[in-house]
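*Asks:* Each chain is listed here by its residues.
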Amino acid sequence: DTEVTQTPKHLVMGMTNKKSLKCEQHMGHRAMYWYKQKAKKPPELMFVYSYEKLSINESVPSRFSPECPNSSLLNLHLHALQPEDSALYLCASSQAQNRVDTQYFGPGTRLTVL
Amino acid sequence: SQQGEEDPQALSIQEGENATMNCSYKTSINNLQWYRQNSGRGLVHLILIRSNEREKHSGRLRVTLDTSKKSSSLLITASRAADTASYFCAPLDTGRRALTFGSGTRLQVQP
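Chains as they are written, first to last, in this note's numbering: chain A, 1 to 114; chain B, 1 to 111.
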């Protein structure tokens with residue numbers, strides 16, 4: 001199984017809401033990633049987890065809070081977002097962070113902040 | 001941080017023609033990867049070329065790497081309408097443990 005799943009596919013939220021994005025993989029990968037992608041732009045790295053520990057935080061605002069409950073799951077908790085945070089949020093995984101080889105991406109969550 | 005710059009930004013060709021996309025980067029790399037993204041979807045890994053390799057093939061894909069010029073190219077031969085997508089290079093520089101994606105080339109293959 002080489003699939004990364006993400007839920008929900010679409011999310012609309014107000015600026016005062018709290019919501020979570022979920023990502024799951026069952027490939028035994030020990031590195032998991034969150035990316036943000038605006039329209040017609042490349043994905044931008046937000047966070048990297050390696051062996052369930054936060055390894056990289058690309059100076060992301062604290063209204064985005066990642067969590068890695070176990071080696072298969074990655075969450076992104078959202079609170080007090082701004083309209084400019086509307087984007088496609090992509091999750092990815094790879095075997096291990098110290099071997100940055102193939103990354104497997106989920107289909108993304110399309111987030112709209114009103 | 002490392003980022004590839006891709007050229008052209010957009011490319012429109014007829015089915016059956018070849019498509020070439022170029023990527024330039026700035027510093028020493030460990031490897032360079034190419035990904036495809038269909039509209040609004042996740043990225044799909046196409047091919048990885050290591051810094052000590054000069055050329056690699058996978059099906060209709062051919063990737064070259066010139067570390068002296070800090071550039072790579074992706075050639076798609078005998079293109080199909082299904083190849084319509086955005087293509088991103090992702091150079092992995094030696095000091096970094098995560099990919100940074102280039103600006104991307106939007107390829108349109110007309111049937």
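Worth flagging that the hints you see were computed from the coordinates, not collected in a lab. Certain hints may be false.
Straight-line alpha carbon distances no greater than 27 angstroms define the calculated BS3-like cross-link-like pairs of lysine-lysine that follow [said to hold, decoys possible]:
| # | chain 1 | residue 1 | chain 2 | residue 2 |
| --- | --- | --- | --- | --- |
| 1 | A | K18 | A | K36 |
| 2 | A | K36 | B | K26 |
| 3 | B | K69 | B | K26 |
| 4 | A | K41 | B | K26 |
| 5 | A | K22 | B | K56 |
Values in this document were obtained by computation on a predicted structure and should not be read as measured data.
*Asks:* Against this structure, judge whether each hint is valid.
*Replies:* Here's how the hints hold up against the structure:
1. A:K18 x A:K36: Holds, because 18 angstroms separates the two Cα atoms, which is no more than 27 angstroms.
2. A:K36 x B:K26: holds, 23 angstroms
3. B:K69 x B:K26: holds, 9 angstroms
4. A:K41 x B:K26: holds, 19 angstroms
5. A:K22 x B:K56: Given that 27 angstroms is the threshold and the Cα spacing comes to 35 angstroms, the pair is violated.
When the structure is compared with the earlier hints, a violation turns up for hint 5 alone.
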